[in-house]
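Visitor: Spelled out from the first residue to the last, the chains are:
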Amino acid sequence: PAAHAANWIAIQGTEPADAKPVKLFGFIQGTYEQSFGDPVTGLTSSNLAPHNGHQAIFNTFGGDESTSTFNIRRARLGVRGALEDTKINYFLMAEFGNNAITRVDSVALTDASVTFNYLPGARLRAGRFKMPTMDEALEGNPFAADFINFSAIAAQLVQENRVQAGATPAENAFIGGNSAFRDVGVQVFDWFRQGQMEYTYALAVSNGTPSIGTDDNDDKDVTGRLQASYVFQGPLYGAHRQELSAFVWRGEGKRDYQSDSYRRLRQGVGIHYNRAPWRVRGEYVHAAGMIDAGINPAFQGGTPNVAPTGKAKGWYVQTSYTLTPNWELNLRYDTLNRQYDNAAQERVFKTWTVGGQYLFNPKARLMVNYEFRDLEAPQGNADARRIADAMADRMLAQAVVTF
Amino acid sequence: PAAHAANWIAIQGTEPADAKPVKLFGFIQGTYEQSFGDPVTGLTSSNLAPHNGHQAIFNTFGGDESTSTFNIRRARLGVRGALEDTKINYFLMAEFGNNAITRVDSVALTDASVTFNYLPGARLRAGRFKMPTMDEALEGNPFAADFINFSAIAAQLVQENRVQAGATPAENAFIGGNSAFRDVGVQVFDWFRQGQMEYTYALAVSNGTPSIGTDDNDDKDVTGRLQASYVFQGPLYGAHRQELSAFVWRGEGKRDYQSDSYRRLRQGVGIHYNRAPWRVRGEYVHAAGMIDAGINPAFQGGTPNVAPTGKAKGWYVQTSYTLTPNWELNLRYDTLNRQYDNAAQERVFKTWTVGGQYLFNPKARLMVNYEFRDLEAPQGNADARRIADAMADRMLAQAVVTF
Amino acid sequence: PAAHAANWIAIQGTEPADAKPVKLFGFIQGTYEQSFGDPVTGLTSSNLAPHNGHQAIFNTFGGDESTSTFNIRRARLGVRGALEDTKINYFLMAEFGNNAITRVDSVALTDASVTFNYLPGARLRAGRFKMPTMDEALEGNPFAADFINFSAIAAQLVQENRVQAGATPAENAFIGGNSAFRDVGVQVFDWFRQGQMEYTYALAVSNGTPSIGTDDNDDKDVTGRLQASYVFQGPLYGAHRQELSAFVWRGEGKRDYQSDSYRRLRQGVGIHYNRAPWRVRGEYVHAAGMIDAGINPAFQGGTPNVAPTGKAKGWYVQTSYTLTPNWELNLRYDTLNRQYDNAAQERVFKTWTVGGQYLFNPKARLMVNYEFRDLEAPQGNADARRIADAMADRMLAQAVVTF
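Chains as they are written, first to last, in my numbering: chain A, 9 to 411; chain B, 9 to 411; chain C, 9 to 411.
Okay, chain A solo, but in the shape it has when bound:
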């Protein structure tokens, strides 16, 4: 892609010295997706047997078990800029595309923040913005993401999907949209250079409510990240900085669910190495509390479940190779062990993603991904293992234009 291995905390929270007061920007991601699953058979429990002959939900894209779809994965419009002296900058963006952010409302604000760059060593950002967590969350997706789908740890552990508990699990429902890695609050952050080394910190206090909205309890989330980079080459706001970086992050808060309040902890470490023509990145994430426990039953019409005291962990490693200025090859392995503390509910996701990208120019590219997907319920019952076995491979193609 056109950007990678940048200091995302700096790039997204501030503006370069030559920033304009008002810059309109945005991007479009038009996607085609196809899965290759077969209907599930052999289910024997009374509540699952009616689903024999149907596709599992993770192989489908819509109500009647479609296994192929065109989609406007993302369509975003934003304005960002800096006031006169770049001491103050702002960032406003909304999602008009079709994804988990716009699950409930067809258009949703993603970002609305103001940064005050007055205090030495302590820039202050207020509003809604990406919390300082994993690299995969922080990178500018349209510019920098090498894969069309997020890794399982990013999608299932770090993104948040709030669920309203019903009288029975079948009445559970999502509350609003996906967090998109964002929250409403304040963040103090800055970075420091020492020769080729660059040290960055960010500490945020936030509502802990994934959708836009006021806080529903008085326990605020606290999220922090530390990052050290050895910069081989390239300026701070450059799109092609070459570097070796390591980082660690941790976010903790409380969530009300049913009639109780539960701790939600997410933490991780990672490293990335970017020196042309290679890029390599790996991240590990550990999660405790408020674990997305999937759609149950795992067929169209199922409802979302939460393991309020569950645990999960996972990691990914990805590498990209620049063949020519226009062609890149991408390979990722990612795995997630969900509810490893609960034998019956434990699920292990393992995905190899092979991809290629054609860069028309710095603002447009075409991506193709093939995902070899595997899901296991190592200690689940026979039905659980049959459903897990059904997880099929998936092919995606995506056109991306940024403006």
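Because the hints were derived from the structure by calculation, they are not lab data.
One thing to keep in mind: the hints can contain errors.
One copy or two, it doesn't matter: identical chains are merged, so the pair holds either way.
[Stated by the list, open to error] Calculated pairs, DSBU-like style, for lysine-lysine (alpha carbon to alpha carbon, straight line, at most 35 Å):
# : residue 1 : residue 2
1 : LYS228    : LYS31
2 : LYS95     : LYS31
3 : LYS358    : LYS321
4 : LYS371    : LYS228
For this one, chain A is given, so just place chains B and C on it according to the hints.
Guide: For chains B and C alone, kept in the frame of chain A given last:
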């Protein structure tokens, strides 16, 4: 209006050579509408008799049978542009006004597409955009439409309103917003000049889901259009091209409804002639399957109905005369024979629309329309005929500004 | 703030001579709010006793009785401009933040209007825009408002929150979002200078439907305002006009509620004086019909109530003092006597607000407000008085950036 009789496939799917990378644009249509109906009387069937003394829904604009209303008919904001060499262009637009598109969500994406102009004779457009159907659908409404309301064939046959079947018809409900003639998919298209002749083709494969969203089945829609124009005068992207054009189009797909899947076919032919000071256009549309069967009962509180295997056909002819650079006169006759295959349900719509427009400048105009409306249920029962008889004339005034 | 005491009717409805055809603008208000309430105790009636030990709703910000929250109070994006000769101008704006406007839909159009400046003494504005009511409603909030929250008379009497009556009051629900002082219709207006004096009038006819949408009845609202200003200094479109102004306004319409139609009357008078370093403003509002009667029971989970024939009145006085070009101090007293015509339901709100603002530059400021709040139910029963007694003080901080 400021534009007419253009090559809309080309104008909307590509950008001229001098296009900027980011162009903000949009328009506002502020409307006043008044209908002149009398309450329905004489209904005798047990389910309709309670509606005696009430206005039929097609004479009203809101909950308490209002017969007059101000409205923000359309308020759209978009960004379009071309990357460096115009080999790639994009188009993003959202609706913020109040119409059938925003029936469920108050703001909705209408367009998000990217066009790749690399292959000779085969430009590729991907995303959400207008399907290649009738001229009335393709023309840029704020710039080019001569009438405030769509013809019946455009509104009822070509636009799509997806309905969720309830346990009883009274529980039917719309799913999302009106398609606005658009769908999510890919289109290959191009045009070719030979002397004064211009030939254009477009072939699209798309989800067949009117709202933004993933496909709900694996049957994709296929829609194509062929067009031949004799251009008297004016460049491709010109606003005032003079031409004689003929075109034919056809779109087919499947829709899930109740527990089955039904074919939805729409096809049409048309011709337009534009040579100052006259413009004349006529179109014929035939439809089979998934016919909008109106609101039933046809009073406030009724629910939408679908004839999944029904048929319909209709046409319109319109003419416009430019009196002075500021004044235009407009006349249209349009008719729709809905469910002509079902005696009891057949409805025939006939409307004469007389209009005048004042063009303040190329970007602002004031339109006034008077619609002489007639609805017949030729083989319907007495109650159906009484309700149909109630269809009243309507007056509309609209201020339009584009930017 | 950066602007105050301007001719808002002129500034918002027209454009200056040097206006561009398309100007992108907007603002972000990121807020932190904290209330200092104690749970209510001592309730004795059978329906209220279960709420003992809970915070009253006016001390909370979310579902689980949060008493502190970060929030994106407002995040708006708009486009405004004038066509070639400024004879026609337009204004389009949408709300992406989290407040009562976006209660139902997460994004909502606030303004979409076109002004025709052709007739001498009678400019015509059509679309959705602020009705000509009180100064606090008309002033551009991000530029000009000296306080973070509206006064009680603005929030409860002049803003409109439409309520759908349920079968029982517990099933009442809001219909769409808050009016944000706006409506859809047409307005004739203009202003006239005579030496230092300036006279302004505005007369609007509108739907009387707070959300975007068509009118639900045929009774249109009529709203008018007269204003006389003695301008010490500063041009019409200036941000820092110094003046002494007095104004009177009145708006009346009908609203359908339950099975009847009720008159909704709002009227007021006001005066403001602006001469550096002082600004003083006072307004009085009287209301009859369709009075917001609060959330009942006044705890999380309560539903909105309306007094369809109720009456209310109130006023505020506020003053601001410019200490330095960067610092301002603000003080306001505001009071509302709600349902003064109904002994049991009468509620008296009294709030002192002390505030300070730091202006980084004309486009960015930081505001801090402390509200000493008092609520009385002078003739209410013991439970009503206990709940009223619970109203606690509140602290707010807000970062504002306009662009």
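Visitor: Evaluate each hint against the coordinates.
Guide: Right, here's what the structure says about each hint:
1. LYS228 / LYS31: Only inside one copy: LYS228 and LYS31 sit 32 Å apart there, 38 Å across copies, limit 35 Å.
2. LYS95 / LYS31: both (16 Å within a copy, 23 Å between copies)
3. LYS358 / LYS321: within (12 Å within a copy, 53 Å between copies)
4. LYS371 / LYS228: between (38 Å within a copy, 30 Å between copies)
Hint compliance for this structure: no hint is broken.
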